[in-house]
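S.K.: Spelled out, the chains give:
2 protein chains.
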Amino acid sequence: MKAKIYITLKRTVLDPQGKAVTNALNSLGFNKVLDTRVGRYIEIELKEKNKQAAEKKVHQMCDQLLSNPVIEEYRFDLD
Amino acid sequence: MKAKIYITLKRTVLDPQGKAVTNALNSLGFNKVLDTRVGRYIEIELKEKNKQAAEKKVHQMCDQLLSNPVIEEYRFDLD
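Chains as they are written, first to last, in this note's numbering: chain A, 1 to 79; chain B, 1 to 79.
Warning: the hint list may mix true and false statements.
To be verified - Below 16 Å or equal to it, Euclidean Cα-Cα: the simulated EDC-like pairs (lysine to aspartate or glutamate) are:
hint : chain 1 : residue 1 : chain 2 : residue 2
1    : A       : LYS19     : B       : GLU45
2    : A       : LYS47     : B       : ASP35
3    : B       : LYS19     : A       : GLU45
4    : B       : LYS47     : A       : ASP35
5    : B       : LYS32     : A       : ASP35
Because the hints were derived from the structure by calculation, they are not lab data. Computed from a predicted model, the values in this text were never measured in an experiment.
Using the sequences and the accompanying hints, generate a full structural model.
M.R.: Below is the structure:
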């Protein structure tokens, strides 16, 4: 089973990297770019057939290692 | 319109960060983790109503700034 995890900064947290990308895109002539948020995308290959068990494990991994719950939020798909 | 861009290393490129995450997860007791790939996830808010025009722009942004075509590949959704 494969988990696709998307980790982003919470909406209320300032994203300086995203700001820099917005400015860079505008400088390159992409004037229609209003805002950019930069996050992480993690794919995990799991040796687990049971979807519920996999879901529980991925939540634990995100809480313990992959995301910083203070400033980030995550979501994931399993397939 | 919002573009959600997923940038990952090509399959053939070694991913040391992913390897490190796999090892860390295994050390934490997640023994069923076989492999991990770490990439970037970028959300861009565009002032563009036309889907085709937006698609073209996002391709250009990825090629010119957001991804490194030598070692990375990207895909995106628009909504």
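S.K.: The structure should be examined with respect to each hint, and the outcome stated for every one.
M.R.: Right, here's what the structure says about each hint:
no. : hint               : result
1   : A:LYS19 to B:GLU45 : 12 Å, holds
2   : A:LYS47 to B:ASP35 : 10 Å, holds
3   : B:LYS19 to A:GLU45 : 12 Å, holds
4   : B:LYS47 to A:ASP35 : 10 Å, holds
5   : B:LYS32 to A:ASP35 : 38 Å, violated
When the structure is compared with the earlier hints, a violation turns up for hint 5 alone.
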